[in-house]
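Participant: Here's the letter readout for the chains.
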Amino acid sequence: MDIDFKSGAEVSYLFFVPTFLFLGFFFLIPLGNLLVLGFQGFSESIFQDPYLIYVIQFTYGQAFLSALFSVLLGFFFAFLIKEWKIFGGKVLWRFGLLCSSLPSIIVALGILGSWGKQTTVFGWKGLLLGHVFLNFAIPLRLIGNALTDRERTSELTALSLGMSRWRVFWKITLSSLQPSVVSSWILAFLYSSTSLFIVLFLGGGPRFTTLEVALYEAIKLNLDNGRAIQIALLQAGVGAVLFFFYLRLQKKRKLESESSDLQFFAPKNDWMRRMGGVFLWSLAGLALGFPLISIFIDGVGDWSFLDWSDLLEAGLTTFGIALAVVVLSVLIVYPYLHYLYQVKSERETSSWIWLIAIPQFFSSLVVALALSVFFPVVREMSWLSCLAVISTQTVFVIPLIQFPLREGFLRLSRERNWIAQSLGATGWQRWFWVELPFMRRSLILSALIGFGFSMGEVISILLFSPSGIKTLAMNIFQSMSRYRFQEARATTVILLFSMITLFGITGYLEDRDESSPH
Amino acid sequence: MNQVLIENLQVNRAGFNLNLPSMSIGSGDVLGVMGQSGSGKSTLLQAIAGFVPLKSGTINVFGNEISRLSPEKRKVSLVFQKPWLFENQTVLENISFGLKLQGLPKKELQKIAEEWLSKMEIEELKDRRAWELSGGQAQRVALARAMAVNFPLLLLDEPFSALDSPLKKGLRKLVKQLVRDSGFCAILVSHDWRDIEEVCNKVLILGDGKSLAYDTVRELKQNPNQLVKAICED
Amino acid sequence: MKLAMASELENCQALLEGLQNKSQQKHLSVWYQLNPELYKWNETAFGYLQSFELVKKYRDAKEGSPEAFLYSNSLESCLEFTNKYSSEIRKQELTEIGTLIFLFLALIGIGRWALRRKKQVLLSCLVLICLFVTAQAQANTEPILRVYSYDALTGRNSFGEFLSRKFFEKYRIKVQFVSFGTAGEAINQVLLEGPKTKADLLMGIDEVLFRKVEKRDLFYEISPSLSEGLEPALKKSNTPAFIPFDYGFVSFVYDDSRTILPPKLSLKAFPEMLTSKQKVVVQDPRTSSLGIEFLIWTFGELKEGATGFWNSLAPHILTVSPGWSGAYELFLRKQADFVISYTTSPAYHRIREKKESIKPVIFEEGHFRQVEGMVVLKSSNQKELASKFVQYVLGEEAQTQLPTYQWMYPARRGIVLPSEFQDIPVPKYLSVDWEQMSLKKEQWIRDWTLILSRGQK
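Residue numbers (this note's numbering), protein chains in the order written: chain A, 495 to 1012; chain B, 5 to 238; chain C, 4 to 460.
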């Protein structure tokens, strides 16, 4: 039988077509349509407005500081968890991930209900608290994994030649961690510059306005779509530049990382390790736990007024939509990345990775508006609007889950696949028996991110639901707009509890998978 | 006929050209391939395995022309410098992976896998997972996995270079014996002359994608030219 | 003869209602979309059915009298129309069946060809096209009235749900509320959708927002007779397109169990009355309609004194909230002593929570009144239906229920309010110079931004 290298090209269509079709249909075309419509209402350039110049400066100034604090905190946590191996490190690791997956409106309300009662949190304090809460898990994960997987031979050699541990850390370890530190700063900066609810609820006034808030204002109240488009394009431009630098820092790893148990920087005394653990847990409790506990305290009380059947329906809808979003986004991203990392060269991979990253450069407000304008018909049928909600959320989730999936593929070597293939395994067999078990952790993390995002997302439901779709997050939102605040707080507790349960289950699943090197 | 015939192999990969004359490897023999970095050693193995397309030439393995077959149909097994074991599987499952794909009944494949565990002297590691093994143990498992399927051609890409000397010595002897006993052919790529000397019957020296020398190990040792000597002493 | 005629008129009426129901079935609706003229059949039928209610009373009219002539004439034209309508529906059904059969055969043919030639990409595209067309066909179901509105007005247990349920019970016409975060977004959606918008009506837009877009020629001026039942102060002859359905007075709300106010208070003196520890939450005029209304009130009423007002208030502002709900939540959490809301907000606490301590601040000089209204879009091809809906919303049944849904005052005069509403003092209404407001609003927002940028702690 002829070996047909051309059939490889045909197979490649199957990997690319779903991604192109989906992003083309649900993102690029509607966005293009909105840009055209928006520019028809073009007024003055935003750079001629001194207030917006201030807003631009403030946006990126607060993002810079938020990212810096996030990285400092994340680094500190990662170091103590991965190097010092403090007690309860695994729990803290997962707790950090949980915090970053929470809906930002819950975080804002939590901070208001905790620190807000002790002191004034509005303004810089609130913004930094909120952004660090949501984003510190990025450096925690990236730096933590880099600490685990780093090459230790140089450090071992330096230590054996008599260099002090601090010098080794400063000269050798830090430089090997530099790509992950800078990458995590870039991502935290990107997310801080485009956050909306944290700024809306914890900013508190014209002094603390970001571009996202200005965009919100332009779309929702001023009906100035020209201005909104300009702001969106500026944000997209900055995001694209950042992502370019982020990609340059990522090198496609051809060899599997060798994790090691050697701890060069662990404290010599056990009591120091314990003190470090106590300190870290205290810090986590104050900065992270306190806001979450306040949500429970505020929300738990007399629940006799709650409509439990309504809540159950909202919960099932929330879970159903989230599950559909996760499945759809994985089905779109996974084959695409699989083909890039398993078949294509590194240069080609770097070029094509942009496609699935583009949606994250645009504000979710703009993307949702573009879709609702392009598909007005979807509001007319419940199942269609449900599909529209799922598709919109998938557009937002795709760029988020590409990070853990890419990390997984970077660790998955080509040689292992070749060996399986040489032993007679077909493509599906290799995927099922070799690749999938290896990618399990990345898939679990992607699912977590997708669930977390979807469960707290309201923008797409507000735009598409003909009042038929009800999720827990929508319940909170609608209750608050109708004076039913206690109901909103109770629903927040239920949503938070659901997310904690979800993280607990996935954490258990991760622990069962002991074979993964990370 | 039980031999491997490689005729006029030409490979072009990202601007690099590999041109080889005809070669044959007899049943139970090992062909060593040496050369400096970038000479085309790994490209040769990948081309034989089917991961790099041939520009021209044929590869005949035990009477079957395989150069147009997809990698999974060529019946050519691989061992790399790193073991690349399947992390989620036990040692026994790793070894029986290829046997499972052949559709053998469970009892039979377990029996064969256990035989190979015994040949590799790692019976006690049967139920261990890959990440629990040392480097040498893992490489034995990788070898067992590649050989258990009984394919006519075995490709070894620097399988000993990540191991320390005592382990290398033991494995070299084991590989030579197993290949000879089983009757299949093997190609061993290495930059270490001692690997070639102890394991191989013939050796091919590559330089910049071309064959610099192709002869038996004994002949080359007796009559080396200056270039070959420089490479072999490297 | 009279009995026979009566029977014929009732039969005709039943036949017409049957045809109308049939025309609203899903499989015919596609053709209504393709042939807009067909929509008029349904509206004409509706007109006929309405006229029967008037003509029926002439059933016993003396033979030869003008009333009897009117009766028989109506019957004849109804019968003629019914026959034509019936044959038109039959024609469309046959056309639809024929087209579906043709499309089905074509799809089978293309699919078989694609399968034979292994054109997987073509097959995938075919499947997607089928799904899309099905979705479009499904989407274009019955002709229904679409109302774009803000979120709190739609959803379960909302005023919108009540209206659509009752309207359907009474007229057998479906009303679909399409929900947006704010009324501004609803309008923006209409602007972006352009002439092809699906919206028939916008509900819940306030006067400020309406003034923003009234010159864009989007709205249909419905019959002034619909406004006849409104409170006199709400009737606006110069804006016939905007039909108010509820209103409220903007004010500060406080809890008298922890805050004591002087018996008389003016807006200007309010900041000076606050102690150093008392905190206020205001809404951002750039993101909240309540916020912009309060801003307009202060700048429009206090004029040059507005700057002083905001300068005095700024140190007491706990935060500037993006919307009403966030601000109110802070007030309920006792993090703020005053929040901008409506004078009727306390009614919710009295009725639902049996709590009497939440009260509105009433200023001597009067308050800004927020009026929410409905507008019918010019692009709608169901203006008669939309007018009918407006009429229902302004009717006694809907307006009586409105206060305990919207927690606002009903626009119709003579509605008896629940006692908890009656206990709340109704402030004086301050008129707004809308011309001045339109011209100066942007400047006022800039001034406010500047003041708060400096003055806020």
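Treat the hints as calculated values from the structure; they're not laboratory data. No residue lacks a Cβ here, since even glycine has one placed at the ideal position from N, Cα and C. Heads up, a few of these hints could be off.
To be verified - Stretch by stretch, here's where chain A covers chain B in the computed footprint (C-beta under 8 Å, at least three residues):
| hint | segment |
| --- | --- |
| 1 | 85-91 |
| 2 | 100-109 |
| 3 | 175-186 |
Participant: Hint by hint, note whether the structure agrees.
Facilitator: Each hint tested on the structure:
Note: the segment 85-91 of chain B has 4 residues with beta-carbon separation from chain A under 8 Å; the three-residue rule is met and the coverage holds. With 4 residues bearing a CB less than 8 Å from a CB of chain A, the segment 100-109 of chain B meets the requirement of three and the coverage assertion stands. Only when three residues or more bring their CB closer than 8 Å to a CB of chain A does the claim for the segment 175-186 of chain B stand; here the count is 0, and the claim is violated.
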